[in-house]
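K.L.:
Okay, here's what each chain looks like letter by letter:
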Amino acid sequence: MGAQANEQNLVLQVKDLRVHYATPTGDVIACNGVDFQVYRGETLGLVGESGCGKTTAAMAILRLVQPPGRILHGQVLVDGVDMMSLNEGELRQARWRQVALIPQGAMNSLNPVMRIKDQIADGIQTHEGQQPREELKERILELLNMVGLPGRVYNMYPHELSGGMKQRVCIAMAIALHPSLVIADEPTSALDVVVQRVVAQTMLEVKDRLGVSMILIGHDMGLQAQLVDRIAVMYAGNMMEIAPVQDIFEQPLHPYTQLLIDAIPSIKERKPLKVTEGLTHDLRNPPPGCVFHPRCASPRATARCHEEVPVLHEVAPRHYVACHPE
Amino acid sequence: MSQPLMEIRDVTKIFGGGFLQSGDKIVALQDFSLTIHEEPAMITTIAGESGSGKTTLANLILGFIGPTSGQILYKGQDVGAMNGEQRLEYRREVQAVFQDPYEVYNPFYRVKHVFDLVIRRFNLARSRREARDVIEEALNVVGMRGEEVLEKYPHQLSGGQRQRMMVARAFMLKPRLIVADEPVSMVDASLRAMILDIMLRMRDEFNISFLYITHDLSTAYQIGDWIYILYQGSMAEIGDTVTVIENPKHPYVQQLISSIPVPDPTERWDTDITLPPEEELRGQVESGCRFYPRCSSRMDRCITKRPPLYRMDGQDHEVACYLYER
Chain A
139 MGAQANEQNL VLQVKDLRVH YATPTGDVIA CNGVDFQVYR GETLGLVGES GCGKTTAAMA
199 ILRLVQPPGR ILHGQVLVDG VDMMSLNEGE LRQARWRQVA LIPQGAMNSL NPVMRIKDQI
259 ADGIQTHEGQ QPREELKERI LELLNMVGLP GRVYNMYPHE LSGGMKQRVC IAMAIALHPS
319 LVIADEPTSA LDVVVQRVVA QTMLEVKDRL GVSMILIGHD MGLQAQLVDR IAVMYAGNMM
379 EIAPVQDIFE QPLHPYTQLL IDAIPSIKER KPLKVTEGLT HDLRNPPPGC VFHPRCASPR
439 ATARCHEEVP VLHEVAPRHY VACHPE
Chain B
336 MSQPLMEIRD VTKIFGGGFL QSGDKIVALQ DFSLTIHEEP AMITTIAGES GSGKTTLANL
396 ILGFIGPTSG QILYKGQDVG AMNGEQRLEY RREVQAVFQD PYEVYNPFYR VKHVFDLVIR
456 RFNLARSRRE ARDVIEEALN VVGMRGEEVL EKYPHQLSGG QRQRMMVARA FMLKPRLIVA
516 DEPVSMVDAS LRAMILDIML RMRDEFNISF LYITHDLSTA YQIGDWIYIL YQGSMAEIGD
576 TVTVIENPKH PYVQQLISSI PVPDPTERWD TDITLPPEEE LRGQVESGCR FYPRCSSRMD
636 RCITKRPPLY RMDGQDHEVA CYLYER
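Protein sequences appear in the order of chains A and B.
Position in the first sequence counted from 1, then plus 138, gives you our numbering.
Position in the second sequence counted from 1, then plus 335, gives you our numbering.
Note that these hints are calculated values from the structure, not bench results.
Hints may contain errors.
Unchecked claim - Once the Cα atoms are required to be at most 35 angstroms apart in a straight line, the calculated DSBU-like pairs of lysine-lysine come out as:
{"hint": "1", "chain 1": "A", "residue 1": "412", "chain 2": "B", "residue 2": "487"}
{"hint": "2", "chain 1": "B", "residue 1": "410", "chain 2": "B", "residue 2": "360"}
{"hint": "3", "chain 1": "A", "residue 1": "412", "chain 2": "B", "residue 2": "509"}
{"hint": "4", "chain 1": "A", "residue 1": "409", "chain 2": "B", "residue 2": "509"}
{"hint": "5", "chain 1": "B", "residue 1": "584", "chain 2": "A", "residue 2": "409"}
{"hint": "6", "chain 1": "B", "residue 1": "640", "chain 2": "B", "residue 2": "360"}
{"hint": "7", "chain 1": "B", "residue 1": "447", "chain 2": "A", "residue 2": "412"}
{"hint": "8", "chain 1": "A", "residue 1": "409", "chain 2": "B", "residue 2": "410"}
{"hint": "9", "chain 1": "B", "residue 1": "410", "chain 2": "B", "residue 2": "509"}
{"hint": "10", "chain 1": "B", "residue 1": "584", "chain 2": "A", "residue 2": "406"}
{"hint": "11", "chain 1": "A", "residue 1": "406", "chain 2": "A", "residue 2": "345"}
{"hint": "12", "chain 1": "B", "residue 1": "447", "chain 2": "B", "residue 2": "487"}
{"hint": "13", "chain 1": "B", "residue 1": "360", "chain 2": "A", "residue 2": "255"}
{"hint": "14", "chain 1": "A", "residue 1": "412", "chain 2": "B", "residue 2": "584"}
Claimed, not checked - Okay, the calculated beta carbon distance ranges per label pair:
{"hint": "15", "chain 1": "A", "residue 1": "420", "chain 2": "B", "residue 2": "442", "range": "16 to 26 angstroms"}
{"hint": "16", "chain 1": "A", "residue 1": "210", "chain 2": "B", "residue 2": "606", "range": "41 to 51 angstroms"}
{"hint": "17", "chain 1": "A", "residue 1": "404", "chain 2": "B", "residue 2": "435", "range": "20 to 30 angstroms"}
All figures in this text were calculated on a predicted structure; none of them were measured in a lab.
Cβ atoms here follow ideal geometry from the backbone N, Cα and C, with glycine treated the same way.
Can you build the whole structure from these sequences, using the hints too?
P.N.:
Here it is, written out as structure tokens:
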């Protein structure tokens, strides 16, 4: 499943992305030379704990990193065009039309004093200029329909909608200009299980109907298993493993990926909890060698892990891992 | 046989709809009953989604609000009729841990402040030295050491660490019951096991019972002894955790469990589900089953009178659904 893995089918290419946040006591290394790709028509899951850099990477793709954060280095190619080389005007064109973002907590950021129709219209007209009223209305109703919302939501205010409905409005806004890529950051984390399923279904439908590619950022491995084609695992600013979703679950190669999978509480089988310490180092001062080595319990770990930073390399077809071989 | 530790008898809580108020009334909780025995110590899960009434229940038990009808008895005494001294004792024996591991801390104080306040209020120590010992003991139970954390500010600790400290603070009072309202939902997935494990150990080593309030059935399944599943203020299904989760009977609970995303890409959600527009769900319906609008097994009688709890054959398992009428 998923698009063919060749250059022409690339919607996004992130190369050696480095993002730092300045603090009084030194730079926090949020992204430490991150590489990954998204192919046309696929959904890439981007997972990791708080502080791993996944949201920072998403913001960097759209050049939305604000001070004290700064992008030091890196290329972000969207449909072959390097976002880093665009000027302000070109960048504004690219945002929303080529790459759209559904940020964390989007549903709580809807303008409380504007009707839904006006917020969506606003988004469209900001990027496409004034639109004829009737056409605009048609478009908005279409969008609402595509995300499974009833027509009357058009005239409603955000507070009249439930969490799941608000989130679907955010999805509608993100696809309004038919972007090639939608980045959804924790789109369902505040939602109930059944509502989460409805929103997730909506995202899948939208993806199928529009052929849009997606990056789904999250930490719920269960949800990732249901929705994505490939998974990219990040830890403390570094990309640790990228592989097709089935391979990640059946044969996780990086010890951190194994840890994430083991941490999923099962609904099928009662078993002893696997307890683990969290991020153990200060992000301003990463340990030498592999950044995960202080927490690594793998029997394959050697002295080399303390000295040499492992490079992301292909170990099996389409399966990349940043871990020293035995 | 000793009296129960806590007895909640047919408690109903209605918000709004009073004579001078303009809004419609909301029946947050209806005819809820629950018993917690002095021993053995148990983890009782109150599970439900938004609008289920679980947070209202937590607030009622902690005495932040009073019931509209019904009683909450602690060791035989009506919580609503307690005098100052009895209240203080109640506060000491029934402690709480809340969802947000940041909001409980005053960011201007070092974290030891939260312990100092409690020690002063409840006279837990006669000297600074003794206070330090009391705090150290509590921190050790949650796997932390005073010298590592007490002098830090809240922002210098991770969410998981802050939450563990909250559990330590509750433990310090040697409570009989800890009400934990979504204690891990804002903590990273890989760190949740640590906190859940602490709850299990407190139950087993210190005979502390827990009321674990959550929407996450997976963690409830892993650590809960008894479970009460609420839907829009009413009990839907109750019983032994493993029995209920492995063999759910109520249509709502079945839908809920099947919506939990399974972390296995080969086991994806099989059918699409649709929800009727959410704003129709929260009605003022006091008669009839709350799940009627969404139930595929509904009958005419379901809308006229709310089904009582029916016991499943000789099991620790009750279901509020006419499908199981005997």
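K.L.:
Take the hints in turn and mark each one as holding or not.
P.N.:
Cross-check of the supplied hints:
1. For the hint pairing residue 412 of chain A with residue 487 of chain B, the CA-to-CA distance comes to about 28 angstroms; that is within 35 angstroms, so the pair holds.
2. Straight-line distance between C-alpha atoms of residue 410 of chain B and residue 360 of chain B comes to about 32 angstroms, which keeps the hinted pair within the 35 angstroms bound.
3. Restraint check for residue 412 of chain A and residue 509 of chain B: satisfied, since their Cα atoms lie roughly 27 angstroms apart, inside the 35 angstroms limit.
4. Between residue 409 of chain A and residue 509 of chain B the CA atoms are separated by roughly 28 angstroms; this keeps the pair inside 35 angstroms, and the hint holds.
5. Taken as a hint, the residue 584 of chain B and residue 409 of chain A pair is honoured in the structure, with Cα atoms around 23 angstroms apart against an allowance of 35 angstroms.
6. Under the criterion of a C-alpha separation no larger than 35 angstroms, the hint pairing residue 640 of chain B with residue 360 of chain B is consistent with the structure, at around 19 angstroms.
7. At most 35 angstroms may separate the alpha-carbon atoms for a hinted pair to count; residue 447 of chain B and residue 412 of chain A meet this at roughly 29 angstroms.
8. Taking the CA atoms of residue 409 of chain A and residue 410 of chain B, the gap is about 34 angstroms. The hint holds against a cut of 35 angstroms.
9. Of the pairs offered as hints, the one joining residue 410 of chain B and residue 509 of chain B holds, with about 16 angstroms between alpha carbons and a cut-off of 35 angstroms not exceeded.
10. Distance hint between residue 584 of chain B and residue 406 of chain A is fulfilled; the C-alpha atoms sit about 16 angstroms from each other, no more than 35 angstroms.
11. Annotation: proposed proximity of residue 406 of chain A to residue 345 of chain A holds, straight-line Cα distance about 30 angstroms (limit 35 angstroms).
12. This hinted pair checks out: residue 447 of chain B and residue 487 of chain B have alpha carbons roughly 8 angstroms apart, not beyond 35 angstroms.
13. Between residue 360 of chain B and residue 255 of chain A the CA atoms are separated by roughly 30 angstroms; this keeps the pair inside 35 angstroms, and the hint holds.
14. Only pairs whose Cα atoms come within 35 angstroms are accepted, and residue 412 of chain A paired with residue 584 of chain B is accepted, the gap being roughly 30 angstroms.
15. In this structure the hint that residue 420 of chain A and residue 442 of chain B lie 16 to 26 angstroms apart at CB holds, the actual value being about 19 angstroms.
16. Taking the beta carbon of each, residue 210 of chain A and residue 606 of chain B are about 48 angstroms apart, inside 41 to 51 angstroms as hinted.
17. Separated by about 26 angstroms at the C-beta atoms, residue 404 of chain A and residue 435 of chain B satisfy the suggested range of 20 to 30 angstroms.
The earlier numbered hints are all upheld by this structure, with none contradicted.
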